Amino acid sequence: MTDTKRRTRVITCILQAGSGIHVLQRLRGIGIDSAFVHHARGVGASGKRRRGASHYAEREVVTVLVEARRAEEIFEFLYSAADIGKPHGGMLFLEKAGHGIPPVLPNLPDES
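With the working numbering as the guide, the letters of the sequence shown map in order to residues 1 to 112.
Any given hint might turn out to be false.
Claimed, not checked - Each computed EDC-like pair below joins lysine to aspartate or glutamate, with the alpha-carbon atoms no more than 16 Å apart:
| # | residue 1 | residue 2 |
| --- | --- | --- |
| 1 | Lys96 | Glu67 |
| 2 | Lys86 | Glu76 |
| 3 | Lys96 | Glu72 |
What the hints assert, rightly or not - Quick list of simulated restraints, FRET-style, between CB atoms:
| # | residue 1 | residue 2 | range |
| --- | --- | --- | --- |
| 4 | Pro106 | Ala57 | 34 to 42 Å |
| 5 | Glu111 | Gly89 | 32 to 40 Å |
| 6 | Gln25 | Gly85 | 18 to 26 Å |
| 7 | His38 | Ile84 | 17 to 25 Å |
| 8 | Gln25 | Glu72 | 35 to 43 Å |
| 9 | Arg70 | Leu108 | 34 to 42 Å |
| 10 | Arg28 | Arg69 | 30 to 38 Å |
None of these hints come from the bench; they were simulated from the model.
What you are looking at is a predicted structure, and each value in this text was computed from that prediction instead of being measured.
C-beta: ideal position from N, C-alpha, C; glycine also.
Using the sequences plus the hints, can you model the full thing?
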């Protein structure tokens, strides 16, 4: 299959603020370089149901582009690495990518 015909998936991980960089480092440790993190914030209704009360939340969103054959493996890895299973741990989404080619980086010697 040519590079332009590769099947790819996008995994979106919504996390507590401050944990995105750690997840990116863990992904790079298993050879995933096609990921980025950005900060997000929003507002929602308060769980206490007080009139006019709002709940402001800040999150980090990690987006990962992977080959379809590794999508389930990386999804499970993220579930564990990002502590999604803990209360208020976050959410994961897996979807088909319209177009995308995960980068293949050359093996370069360490700079140290």
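So, going through the hints one by one against the coordinates:
Proposed proximity of Lys96 and Glu67 is supported: the alpha carbons are some 10 Å apart, at most 16 Å. The hinted pair formed by Lys86 and Glu76 meets the criterion: a straight-line CA distance of about 14 Å does not exceed 16 Å. At roughly 12 Å between alpha-carbon atoms, Lys96 and Glu72 fall within 16 Å of each other, so this suggested pair holds. At about 40 Å, the CB distance of Pro106 to Ala57 agrees with the hint of 34 to 42 Å.
Taking the beta carbon of each, Glu111 and Gly89 are about 35 Å apart, inside 32 to 40 Å as hinted. At about 20 Å, the CB distance of Gln25 to Gly85 agrees with the hint of 18 to 26 Å. Separation of His38 from Ile84 is about 18 Å and conforms to the stated range, judged on CB atoms against 17 to 25 Å. About 22 Å separates the C-beta atoms of Gln25 and Glu72, a value inconsistent with the hinted range of 35 to 43 Å.
Distance hint check: the CB atoms of Arg70 and Leu108 are about 22 Å apart, inconsistent with the given range 34 to 42 Å. Take Arg28 and Arg69: their Cβ atoms lie about 19 Å apart, and the range 30 to 38 Å is violated.
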